[in-house]
Each structure stands twice: as C-alpha cells, then as structure tokens.
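Q: Chain H is already provided as a structure; the job is to place chain D on it using the hints.
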Amino acid sequence: DVKVTQSSRYLVKRTGEKVFLECVQDMDHENMFWYRQDPGLGLRLIYFSYDVKMKEKGDIPEGYSVSREKKERFSLILESASTNQTSMYLCASSLSVLNTIYFGEGSWLTVV
Amino acid sequence: GENVEQHPSTLSVQEGDSAVIKCTYSDSASNYFPWYKQELGKRPQLIIDIRSNVGEKKDQRIAVTLNKTAKHFSLHITETQPEDSAVYFCAARPVTGNQFYFGTGTSLTVIP
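So the sequence lines, in the order shown, correspond to chains H and D. Take the first sequence: its letter number 42 is residue 42 in my numbering, and every next letter is one higher. Take the second sequence: its letter number 110 is residue 110 in my numbering, and every next letter is one higher.
The following block holds chain H by itself, in its conformation from the complex (with noise of 0.2 Å):
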C-alpha cells in the first residue's frame, strides 16, 4: 500500500515567518506534487518534482519554493509566511506520467 506522509498535520505560523511542510513517501516513485487545497478552488498545483533535484512551477508557485534532495522527500518552502497562505497543503506521489497519484493526508497550515 502507497504511503505518503506529511509530518506536519496542523500548524500555526506567525506571519514572516519561514515555513517548512515535510512529505515523505515510500514506494519510490519518480514524482512528487504539491497542492493546495482551498473551499471552492479545488486542488491547485505549487510545484512538482519528476526526479531528484529536479522541479516545476504549477499553477500557483509564487511565495513558495521546493526541495528534493532525495528521491523519496519533497519539502514545500514558505519563505515569509503570509494570511493569504493559510490553507490545507496536500502532499502527493505517482511512479511516473502513466500512474495515478496518492496523497497524503495533508498539513493544515494557519499563518496568524
């Protein structure tokens, strides 16, 4: 069974604040995402990984920035934290373009 985990379940920030939200999986797949998850918007994408050190801008990227420095690690990076910020961040994986993904069961993050 795919497991992505997000150590992260429920945070409070303080505005300017660096924020780091942690999504581990475990069955080696070549893409990782990050999603934000907001009433009446969906799922929006910040940023994906298809491989190690290696990224791409979603649909939202501005005021956040990713790491992967291993395969199996994907960190989302709010710089300077913001209200506007304040959302469920979903972590999700797929082995590859042909795969489906699996989340995680998400960070919920409030910036005060």
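Read the hints as simulated data drawn from the structure, not as lab findings. None of these values were measured; they are calculated from a predicted model. Relax, there's no trap hidden among the hints.
Once the Cα atoms are required to be at most 16 Å apart in a straight line, the calculated EDC-like pairs of lysine to aspartate or glutamate come out as: (1) Lys22(D) - Glu5(D); (2) Lys3(H) - Glu105(H); (3) Lys42(D) - Asp38(H); (4) Lys70(H) - Asp26(H); (5) Lys71(D) - Asp27(D); (6) Lys42(D) - Glu105(H).
Now the in silico label distances, taken between C-beta atoms and shown as ranges: (7) Glu17(H) - Gly41(D): 20 to 30 Å; (8) Ile77(H) - Glu79(D): 44 to 54 Å; (9) Glu15(D) - Lys18(H): 45 to 55 Å; (10) Glu79(H) - Ser18(D): 46 to 56 Å.
Note that CB positions come from ideal geometry on N, CA and C, so glycine has one too.
A: Relative to chain H, chain D alone:
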C-alpha cells in the same frame, strides 16, 4: 493548459437514490481521468479512473463514463449510502506532462 470544470458544487440525495457528478475538460490531449473521494479531514483517495480508450468503467456501485467528443466525463453512484457522503474531485491529465488538473469538487450529502 487544461481547464477542468465540475458540477454541481453541492449535491444532496436521499439514501438509495443515484448521484451524478459531471466534469468537462478543455484539452483534447487529456487521456487519463481519475476520480477522488475525500472524507472530512482525510486525504483524497482514488475511487475509480478511466483512460481515453474506454467509454465506461464500473466498480460495484460506482461507474464513470467518458465522452471524448464532447470532452466530458461523469461519476455515477447508485444506491447511495450515508458513507458515500464526502467531497468528490475529478481530474484530467494531458498526454504530455506530469500535471493533473482538478475540478473544484462536489460536496455530496446522502440523507438517511
């Protein structure tokens, strides 16, 4: 890029009735269409998917139909049960690229 529209945004049905959720997509090159179910506070989980070379797929009470000409696909749930209550997301993936494009979600409530 691809644009996926999903309707309705909310749906209430009586237990035992059928529920239908519809999605349209814009990129005729999309060839893979998964559906995800997200229960409150949980991760989205794949419930059924269909590829562009198939017109219909069924798994027990759940079916998905695809009309490539009209560029729309639908999720059908028959004999609904209270445990079907959740948010359902459709998605489309173009044949080129790794990115999935999601609909905005349908909140289904099954009334006992």
